[in-house]
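Asks: Spelled out from the first residue to the last, the chains are:
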Amino acid sequence: MVIAELIDTVWATRKSEQLNGLKFMLAEIKGGTNEGERLVVCDVIGAGIGDRVLVTTGSSARRMLEDDLIPVDAAVIGIIDESCESV
Amino acid sequence: MVIAELIDTVWATRKSEQLNGLKFMLAEIKGGTNEGERLVVCDVIGAGIGDRVLVTTGSSARRMLEDDLIPVDAAVIGIIDESCESV
Amino acid sequence: MVIAELIDTVWATRKSEQLNGLKFMLAEIKGGTNEGERLVVCDVIGAGIGDRVLVTTGSSARRMLEDDLIPVDAAVIGIIDESCESV
Amino acid sequence: MVIAELIDTVWATRKSEQLNGLKFMLAEIKGGTNEGERLVVCDVIGAGIGDRVLVTTGSSARRMLEDDLIPVDAAVIGIIDESCESV
Amino acid sequence: MVIAELIDTVWATRKSEQLNGLKFMLAEIKGGTNEGERLVVCDVIGAGIGDRVLVTTGSSARRMLEDDLIPVDAAVIGIIDESCESV
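Chains as they are written, first to last, in the numbering used here: chain U, 3 to 89; chain F, 3 to 89; chain D, 3 to 89; chain P, 3 to 89; chain Z, 3 to 89.
These are calculated hints, taken from the structure and not from any lab test. Since we're looking at a predicted model, the values are computed, not measured. Take every hint as true, because none was put in to throw you off.
Pairs count within a copy or across copies, as identical chains cannot be separated in the list.
Capping the alpha-carbon separation at 16 Å, the derived lysine to aspartate or glutamate pairs in EDC-like fashion look like this:
no., residue 1, residue 2
1, K17, E68
2, K17, D53
3, K32, E84
4, K25, D83
5, K17, D83
6, K17, E84
7, K32, E87
8, K32, D83
Model the full structure from these sequences, guided by the hints.
Replies: In structure tokens form, the structure reads like this:
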């Protein structure tokens, strides 16, 4: 997984029907040499802009949505506690 | 997912029969430290050159085509709204 | 796999129910040109901060947890012996 | 997918029996910030040195070989037309 | 696949039971802009330190071991012939 900060919501009116109802957010990786890399993640646990989140990628993102047919490759699996300072 | 801009159509007359009828486009990643990385994506939702799109990669691309036997690893899943300025 | 050093524990109180009871740790890749890249890994073999570990990524991480439904994409599969000096 | 130029044939006399009869070629990514990255690809459509090809990676490479048991992670899926100038 | 040189053996006494009996080696990618990147690979064809090998990654590594439950993500699939000079 990677640690990323959610920096914006992504809107796509024209999209696959399989994605209806899903929330997409722009995330930026924090820490380490890949800091600043951006990806778009799917969120189903109620994360918001400014949150530092744990993001899973690849086929595991579909496991997070509990539907193996949805074509997403990155999803928020947890919101990192504010008390976690080093991450 | 990554955000990319579609910059050209890719033509390959000699190709796998499984790919007949599919449209391939050259895309360039926008934003973040991986900006400028290029990949070729499959599009089935009618995106065009100049559009900023949401691209899914890996096995999820086959989910977008709803056919697990097609050998593609990147597909457009949505066209980002023009009003989305920060992405 | 990659070799990484565990540098901290990651706490996420709000997370997917599927992750309850799992331990997440921040890891930093050691050696080679990707040194310093960070990822968050799941550990089920009792590794601790300061350990150099072997990390598997992607769908194989779910094999390590022996549960294909858990949405993780990186897991510790072994702790590298201290006598292994070059790695 | 990525666009790559085939630059050499790769010979491996000692290899997995599952790979017998398959042709492996060294490819170099063209265009974008990942230009110059090299990978070895499997070819079953008759591509040759100097061709610019479309390469699929990951589990989709096994779909190209139509055999999910062959341990390859990159395969040529098409030869890009010479008239495609910008790619 | 990538071409890598095997540079050391990796020992991990504390590891997943599923890995018992497997040999792990430290490998360094050769050639192209990703030269010098390191990964740990599983070898079942008898490769040794100093060999240049073909490495498959991701779910295909499990195909090389012919056991989809083993949590590895990189495996040697062939030893490159010494006469292959450009790779």
